[in-house]
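*Asks:* With the hints as a guide, bring the two chains together.
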Amino acid sequence: TQLLEQSPQFLSIQEGENLTVYCNSSSVFSSLQWYRQEPGEGPVLLVTVVTGGEVKKLKRLTFQFGDARKDSSLHITAAQPGDTGLYLCAGEGDSSASKIIFGSGTRLSIRP
Amino acid sequence: ETGVTQTPRHLVMGMTNKKSLKCEQHLGHNAMYWYKQSAKKPLELMFVYSLEERVENNSVPSRFSPECPNSSHLFLHLHTLQPEDSALYLCASSPGENYGYTFGSGTRLTVV
Chain A
1 TQLLEQSPQF LSIQEGENLT VYCNSSSVFS SLQWYRQEPG EGPVLLVTVV
51 TGGEVKKLKR LTFQFGDARK DSSLHITAAQ PGDTGLYLCA GEGDSSASKI
101 IFGSGTRLSI RP
Chain B
1001 ETGVTQTPRH LVMGMTNKKS LKCEQHLGHN AMYWYKQSAK KPLELMFVYS
1051 LEERVENNSV PSRFSPECPN SSHLFLHLHT LQPEDSALYL CASSPGENYG
1101 YTFGSGTRLT VV
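Going down the list, the protein sequences come from chains A and B. Residue numbering for the first sequence follows this note's numbering, starting at 1 and increasing by one per position. Residue numbering for the second sequence follows this note's numbering, starting at 1001 and increasing by one per position.
No lab work stands behind these hints: they were computed from the structure. Computed from a prediction, not measured in an experiment: that's the story for all the values here. Hints should not be assumed to be uniformly reliable.
Okay, derived cross-link-like pairs now, BS3-like style, lysine-lysine, Cα gap no bigger than 25 Å in a straight line [claimed, not checked]:
no.	chain 1	residue 1	chain 2	residue 2
1	A	70	A	57
2	B	1036	B	1019
3	B	1041	A	70
4	B	1036	B	1022
5	A	70	B	1040
6	B	1036	B	1018
Isolated chain B (complex conformation) (with noise of 0.2 Å):
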């Protein structure tokens, strides 16, 4: 357990489906990311909030769409997603520049 949550751990979705990601912190942390990491290649930032003010999303697809409720909550809705969005989704959480991130343990999502 690291201090950030995310669920579900593992999900299966068709290409027309609805779904949410969820993650969530109690480590008092101002910062809040998604990332998405495929294999061979780096990680990706998507989304970037801090105090709950969306401050980065690097060029991702409208069908992510992330949602940040309260300092401690984030989501991250996906509609209509393609094959090639199956990947491993990390939620973290930092306290501030140079302090480094508290990752979650990932939802592995393959879109079918």
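Excised from the complex, chain A in its bound form (with noise of 0.2 Å):
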């Protein structure tokens, strides 16, 4: 059975500060997304990383993939209130779409 672990699963931080989340398992994907949710909404996707070791960066957002495939990191620069939410890896393991599986989440919380 595939998991994806999240860390942490909670996160409360100042404004302006950095922060890092991780996804990660013991199995290897085809490709791996991000997902913001806010209360009352379904996720919206930020990225998808498919190749192993890629960057790649939404503003103050830097998401990378693993060399092996296996775990991801996402990570933001001067973080601002705007950011808060639940953030959710999922993971896609190999030719079938049916087989995205998603973290538990990391929610994050930005006091101004």
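*Replies:* So this is what it looks like as structure tokens:
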């Protein structure tokens, strides 16, 4: 059974600080996605990483896919209150789209 | 508005009721999904439809019955639910492998 573990589960930091959240598995994924979910809404796709070692940047967010395609990290620089939300990683295990699994999420709170 | 519309947004139903959740997408995506999101648990995949054919049923109780009449619409028919079925039910669509999902805003279901 493939599992994705996210850490930390909860994170509360001051506006302007930097942070990193992690997504780890013992399984290899063909791709990995990061989503942000706000209360009362569905998750919104932020990025998809496909190649081992790949780094993608989205403004102040930097996403990295591990060389072995088993883990990923999300780094936020100079966090802002608008970054508050539940961050979910999801891994696609093989050629079938039905094999996407989600981590349990990191709940991020940015204090003004 | 994400391109995936779910109705209703909120639903309260008794254990003997029958209701249906609706999902609609006009993104031209080939695959559609139902997920269940409960507190403190990862997103649970319930059903997958690809090109209007059900390709996955993750051991979901028969009191949940999906229907996909065409590539743009997906329903989840509910009957004789239990209080533990209370959750956020999310619909998603995808154009294919490694592209990620577009989620709807979800239906917050409460079974009383």
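*Asks:* The structure should be examined with respect to each hint, and the outcome stated for every one.
*Replies:* Against the structure, the hints:
{"no.": "1", "hint": "A/70 <-> A/57", "verdict": "holds, 19 Å"}
{"no.": "2", "hint": "B/1036 <-> B/1019", "verdict": "holds, 16 Å"}
{"no.": "3", "hint": "B/1041 <-> A/70", "verdict": "holds, 21 Å"}
{"no.": "4", "hint": "B/1036 <-> B/1022", "verdict": "holds, 14 Å"}
{"no.": "5", "hint": "A/70 <-> B/1040", "verdict": "holds, 23 Å"}
{"no.": "6", "hint": "B/1036 <-> B/1018", "verdict": "holds, 18 Å"}
Violated hints for the displayed structure: none, as all numbered hints are satisfied.
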